[in-house]
Amino acid sequence: MSQPQQDVAYEIDTFLKRYRASAEENLRPLVGRYCSSLLSAAGGAEYRKLIELSAKMQMVGHACTEIAGFCFDPRRQRISSLFGACCFLGDGFLDDYGEDASREYIQRFELFLTRGWFDIRNEREQAFYIVLSRLFSARDILQPMLRQALWSLFQVQKLDVELSLNAGRFHNLSRLQKLSLLRSCGRDRSGHALTALALFLVPQFPLAQHHLLYATGSLISYIDDFGDFYFDLSLKKITYMNQVKQPAKVLARIFQETLILLDRKLPPSHGRELLKGFLCLYFTTRLRKHHNERRRCDSARPIYE
Amino acid sequence: MSSLEHTSLADLADTIALRIQELRSEGILKEAETLLNLDYTSEAADAPFLFDMVRGTLHRNNCTAIPASSKSTVYAVWELKEGDDQLACPVCRPQSDKPSHIQADGTADILFGIMSFLDQFSSVLRERGKEYRKSNQGKVLAAELEEILVHFGQAGRQFANAVHSFDLAREPLATERENSQPEAAPQPHPTQPERKPGGNGPSVVVSL
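Just so you know, the protein sequences line up as chains A and B, in that order.
Take 1 as the starting number for the first sequence in the numbering used here and just add one per residue.
Take 306 as the starting number for the second sequence in the numbering used here and just add one per residue.
If a hint is listed, it holds; no wrong ones were tucked in.
For lysine-lysine, the following PhoX-like pairs were computed, each having C-alpha atoms within a straight-line distance of at most 20 Å:
hint, chain 1, residue 1, chain 2, residue 2
1, A, K178, A, K236
2, A, K17, A, K49
3, A, K158, B, K376
4, A, K49, A, K289
5, A, K265, B, K386
6, A, K236, A, K158
7, B, K376, A, K178
8, A, K236, A, K289
9, A, K289, A, K249
Keep in mind that the hints were calculated from the coordinates and are not lab data.
Pulled out of the complex, with its shape left as it was, chain A reads as follows (with noise of 0.2 Å):
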C-alpha cells in the first residue's frame, strides 16, 4: 500500500518539478526584496527548504482542488507557494531560536491575528509579514470556515509550543496523558493546515470532504515528525512520535487507516490518485530520512525532496 502506481509516482515527479519552479517564480522576487539574506543563508540550503516547502504545499493543494472539481490554476500555485512560505517562516521562529523565542512569537502573532499589529525586527519578520498579507488579501479572510482554520491553527500551535518546550503546567501530566495531548497536537496540527490550505484555493470546500482532509493532514503530520524524530529530539522537542513505543508500527497503522478512509469515502477520481500518492511518496522518502538520520545528530534540518 506505500507504493503508488508507476504513472501516479511519475506524474507526481513531473509536478513537484513544475511546482519548484513555480514556487521559484512566485517567491523568488519577494524573498529577494524583503528577505535577501535567506538567499544565501546556509550556503543557500535554507532557501532550498523554502522552496521544497512551497512545492510540496502546492503538489498537496493540486490534489485538493481536484478533488473538489476544480482546476489548479496559476492563481492557486501562488497561494500554495505563499501558504508553503508562511508555514516556512513561521515554524523557523518556533524551531530554530531556542524557548523564549519560540514563546514570545506566540505572543507576538496572538496579537497579529487579534488585532492586526505585527512588530517587524528583522528581514525574516519582514518577509513573514509580506508572505501573510499577500496570502490574506488572496481570500475573504474573514469567511467562518477559514478564519476557524487559522484561529484553531493558530491555538494548536501555541499547545504544541507549551507542551514540547514541557511548560509547567505539563509536568504533573502522566505519561498517558501527556502522550494523548501530544497525539492530539500533531493531529491537530496539519489537520487545520490542511484545511486552511484546503479553503485558501477552494472556499466553498464541501464539510464531507474537509473530514477526509483533516484525516490527510494529521498523517502528514505524524509522518513529519517521524523524520524529524532525531532532530527534535536534540532540539529536547517532545513529539508524539519521539514519545510513543514503536512509532514506526503506530505511523504505519496510521498511514494504512488514512489510506483505506480515503479509498472508501473519496469519489474516485484524478484528484484523490495524486494525494494518495503524494501520502505514500512522502511515507517512504521520511522513512529513509528517519533512518538516515538515526547516526545524525547536528542541529541543521536537512533536506529531503
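Take the given structure of chain A and dock chain B to it, following the hints.
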C-alpha cells in the same frame, strides 16, 4: 491582468501593509485599535451546528454526544448544504429547520467598517493631507481644483437656471399643481412658451 500590473499592485499593497505597521510603531496608530481579528470564539458560540473534523460528524450546537477529545477540532457551521444530512449525528439529528442567522457582513456593517477605517486613520490622513498640500504636486492640484470650482460655479448657475426652467415648463407637474392647488397657479416664466389653450388636456410642451 499582466504580470507587470500584478507586480506593481502587489508592491503597492506591500508598501501600504508595511507602512501601517510603521505607523503603529511610531505611535500614530494605537495598538488598542483593531485592524484585523481572526478569533472566532464568540461568533462560533452562536452557530446552530458544529462539525467535528476528526469524526466527520455534524452536531447541533448543544449536542451532548460531542466527544471531549473533539473540543479542538469542531468548526461552527451556520447552514446545512446538500449532502450534509449524511454527516448528521444520530443523537441530536441536526436539520436546517429554521433559517440560520449567519453573521455575514451586511451593507450597514460595510458602511460602519468604512467609517471605522476613516476614523482609525483620520489623524494619519489629515497629516498626510497637510504635507501633500504643501508639496509642489499639492500646490498644482490645489490650483487645478480652484479652477474646476470656478468652472463648476458658472456651470452650476447655468444648471440651476436650466433646472428651474425645466421644472416650471413641465406641463403635467404644473397641471397637477394647478389641480390640487388651484389657488396657487404658477406664474408663467419669461422663457416658458405659452400654453396652448384647451384647459386640462395633455401637455405638448417639453422644453429642456
